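Asker: Read off the chains here:
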Amino acid sequence: MTIPEPEKSLEEQNRIIQEAGQILSGFSRKRESLIPILQQVQSRLGYLPREAMTTIAEYLKVPAIDVYGVVTFYNQFRLNPPGRHSIRVCLGTACHMKGGYITLDAWKRRLKINPRETTPDREFDLDTVACVGCCTMAPVTVVDNKPEAQVEPTKVDGILLAFGHPVDTKDKEKSESR
Amino acid sequence: MNPDKPTAAAAAFKELKERAGAQLTQLTHDKTVIMVGTATCGCAAGALEVLQTFKDEVKKRNLGCAVIEVGCMGHCYAEPMVIIRKPNSPGVCYAHVNPVIAERLVNEYILGENPCPEFVLAAFEPNDILPSFQDFPRSRYEQKIILQNCGHIEPTKIEHYIVAGGYIALAKALEASPENIIEEVEKSGLRGRGGAGFSTGQKWRLCRQSPGNTKYVICNADEGDPGAFIDRALLESDPHSVIEGMIIAAYAIGARTGYIYVRAEYPLAVERLEIALKQAKKLNLTGAHILGSDFCFNIHLFKGSGAFVCGEETALIASLEGHAGMPHHRPPYPTTHGLHGKPTIVNNVKTLAYVRHIINNGADWFAGIGTKKSPGTAVFALAGKIVNTGLVEVPMGTTLRQIIYDVGSGIPGGKQFKAVQIGGPSGGCLPESALDLPVDFNSLKEAGAIMGSGGMVVLDEDDCMVEMARYFLEFTQRESCGKCTFCRLGTKQMLEILTEFTFGKGRIEDLDNLERLAEEVKAGSLCALGRTAPNPILTTLRYFRQEYEDHIRLGKCPALMCQHLIAYYILPDKCERSCDACIGSCTVEAISPNKKRIKVIDQTQCVKCGTCLKACPPQYNAIVKLTPPSEVPNDNSKLKNQISKPQIKSKN
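The listed protein sequences derive, respectively, from chains A and B.
In terms of the numbering used here, the first sequence is residues 1 to 178.
In terms of the numbering used here, the second sequence is residues 179 to 830.
Because the hints were derived from the structure by calculation, they are not lab data.
Treat the numbers as computed from the prediction; the structure is a model and nothing was measured.
There could be a bad hint or two in this list.
As the list claims (entries may be wrong) - Subject to a maximum C-alpha distance of 35 Å in a straight line, what follows is the list of computed DSBU-like cross-link-like pairs (lysine-lysine):
id	chain 1	residue 1	chain 2	residue 2
1	B	Lys661	A	Lys30
2	B	Lys774	A	Lys146
3	A	Lys61	B	Lys661
Unchecked claim - Sample of chain B residues at the chain A side, in silico, Cβ under 7 Å:
id	residue
4	Gly199
5	Ala200
6	Ala442
7	Asp641
8	Gly660
Said to hold, decoys possible - Here are the in silico distance ranges between beta carbons for each label pair:
id	chain 1	residue 1	chain 2	residue 2	range
9	A	Arg29	B	Cys474	23 to 31 Å
10	A	Lys108	B	Asn266	51 to 59 Å
11	A	Pro166	B	Glu452	51 to 59 Å
12	B	Val766	A	Arg116	19 to 27 Å
13	B	Glu452	A	Glu123	54 to 62 Å
14	A	Pro166	B	Leu226	27 to 35 Å
15	A	Leu161	B	Pro510	32 to 40 Å
16	B	Asn276	A	Pro166	48 to 56 Å
17	A	Asn145	B	Lys233	15 to 23 Å
18	A	Leu161	B	Ala374	46 to 54 Å
Even glycine gets a Cβ: it sits at the ideal position worked out from N, Cα and C.
Using the sequences plus the hints, can you model the full thing?
Answerer: Below you can see the structure in the form of structure tokens.
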């Protein structure tokens with residue numbers, strides 16, 4: 001969440017309010033609808049922009065800070081736009097013991113971002129997840145909702161190559177000097 | 179109760195079962211059935227590609243086989259797994275199947291007679307040709323009750339579940355009075371499998387006796403413990419068994435509405451539950467006038483949003499009501515003041531899955547399994563440094579040694595067993611000396627661990643106990659909701675102390691501070707998260723104090739795990755001149771050859787990922803880890819200075 005929400009044009013803001021409104025119409029105005037609404041809005045927009053949160057607050061007649069409080073309490077909600085590909089590194093017990101933290105380091109190094117951030121070109125976003133329940137395949141990284149088994153630093157490079165992402169600037173330097 | 183209503187339920191169910199049977203026979207009768215395990219663990223190992231290969235082959239060659247998706251059999255170490263049942267032959271289970279093997283199986287076994295023994299894990303029925311599951315040493319200990327159907331039925335087909343004996347218990351329960359059901363469950367001695375082990379029957383009775391007409395049943399499927407995946411496997415492989423348990427529970431306490439609170443990190447479980455709930459509704463197993471009786475019950479699915487504390491029942495209820503998941507003080511318990519202030523029972527997935535078996539087989543049958551105080555079976559998710567990772571279901575009272583060595587086949591790679599971590603962040607690490615402990619709710623608690631939700635992570639000599647404690651504290655500190663001061667700040671302090679240890683800093687007095695703080699956090703926290711958060715520290719301090727002292731006094735990590743206390747080093751006399759494996763493997767180009775073509779690691783560049791160690795061919799085995807990092811011989815730095823980068827480049 002360290003990257004601030006991008007500036008939005010008026011059109012963009014209106015589009016967000018309109019899309020949130022469409023989702024809202026399917027819900028009752030009860031407080032218990034809040035989390036399902038947030039989940040649906042996020043799955044449509046990819047994240048929860050400020051405009052969407054205020055629209056939801058108005059609809060449910062709760063203070064906007066309450067909505068913000070719930071959004072920041074739960075790990076699944078995000079306040080900045082996601083990348084085209086999502087990278088979720090599992091840090092469950094088994095994954096940690098088999099080197100999940102090393103895998104996370106490798107992702108951080110390659111994408112040059114920290115967990116909960118998106119690459120400047122909006123291609124990848126990186127996050128950690130407590131446990132995806134695939135402990136027998138440790139260490140696991142969930143790439144675009146598909147759990148990948150035994151992701152070690154070399155497999156990180158393999159996955160990035162499969163996406164056509166240049167793996168390291170160092171490599172580039174080397175090939176240039178040749 | 180109205181005497182003619184019960185027969186209506188039985189008759190309605192009989193018709194349902196006949197129809198389900200007919201449908202399934204039509205699909206599979208006299209056909210070869212190919213079953214591919216596509217639970218999340220299977221998918222991660224590549225089961226979807228295997229499934230597609232079988233589907234393509236069957237279609238291309240017009241084989242007329244039924245290709246179906248099943249859940250997880252618990253043998254996760256052998257994923258992706260495929261079961262092939264030919265008419266009049268024993269069912270054969272294949273391990274580590276990939277698209278190439280799949281094609282071969284079609285050619286040689288389905289079209290021919292060769293069962294390809296080289297890929298076989300085991301056959302289901304004893305036979306003359308192939309080994310069967312009954313020959314496995316683990317079969318002596320295993321007793322599958324709630325995992326019975328997992329991997330054998332198609333989770334997305336309610337007919338399959340009904341034919342396998344599903345929903346009989348519901349029909350039977352609807353004929354009895356709610357009081358009788360509660361009595362039966364109470365008599366069976368079933369204890370909640372969520373971790374605390376409270377008597378399920380008693381919980382139901384308390385809720386039934388609470389005044390009010392509106393009551394709720396909540397199924398707690400927020401399996402947050404990292405390292406536990408039993409609920410996920412159950413929901414993905416046999417969702418109807420949980421739904422059936424919920425309906426029976428609702429009938430017993432008099433609820434008309436139920437919620438399944440499922441973790442958002444389990445998308446496949448959510449998907450399969452949604453399908454299952456739709457099917458149950460269609461067949462009138464939920465909804466109005468279930469099976470023609472006057473009992474009405476609806477189930478809603480609620481997706482969690484990733485907060486560990488929501489596994490705690492009062493926090494879960496707050497989350498269902500649309501608030502941040504912060505626990506409340508108990509009492510009042512949810513059985514009197516639960517969701518929207520109404521009497522509510524919150525039961526774990528596994529607990530509910532047992533219910534139908536108790537109704538079907540009787541309380542005495544269940545009470546006869548396991549130990550006296552903890553009847554039934556224990557389900558564990560085996561992970562970490564163990565050969566047979568996956569799910570095991572054994573009677574309570576089985577020893578840890580039997581589970582780890584006989585069922586799990588011990589530690590891989592000839593390594594030494596060090597500890598077993600039970601119960602996730604709320605549990606503890608038990609050493610070798612505790613291995614003969616018979617597992618049940620009480621014995622584990624005495625040893626300092628808890629049953630928890632059944633995660634069992636085996637640790638070997640390469641795992642550092644200080645790092646383990648730090649890892650769990652990092653988790654609980656992050657997941658603490660912040661309501662109680664001791665939990666919010668105490669966990670942070672403890673984490674800071676532990677982090678210092680893993681950097682080789684800290685003072686020896688900190689050990690006592692840590693212990694004191696742990697006891698205070700335990701006493702000063704409202705919910706189980708804070709009260710159990712210090713357990714990993716207390717047990718590791720109790721059983722592995724020496725390791726803590728080595729970190730502090732010598733700056734050494736005996737297990738060679740803490741990244742700041744180790745260094746990788748290539749032994750010059752073992753390194754082979756002609757081999758470049760480590761150079762190619764290094765992810766940061768920290769390895770380069772010197773003039774004699776002996777490879778050297780640039781310690782300033784090395785990120786300690788260990789890839790080179792794995793890449794070094796076993797015949798040379800030249801790379802070692804050293805602790806403390808100052809152990810790396812001095813001449814290394816000299817060597818490092820000799821070879822500068824441009825030199826290597828000119829070579830290329």
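Asker: Against the structure, test the hints numbered earlier, and report the numbers of the ones violated in rising order.
Answerer: 2, 4, 5, 8, 11, 13, 15 and 16
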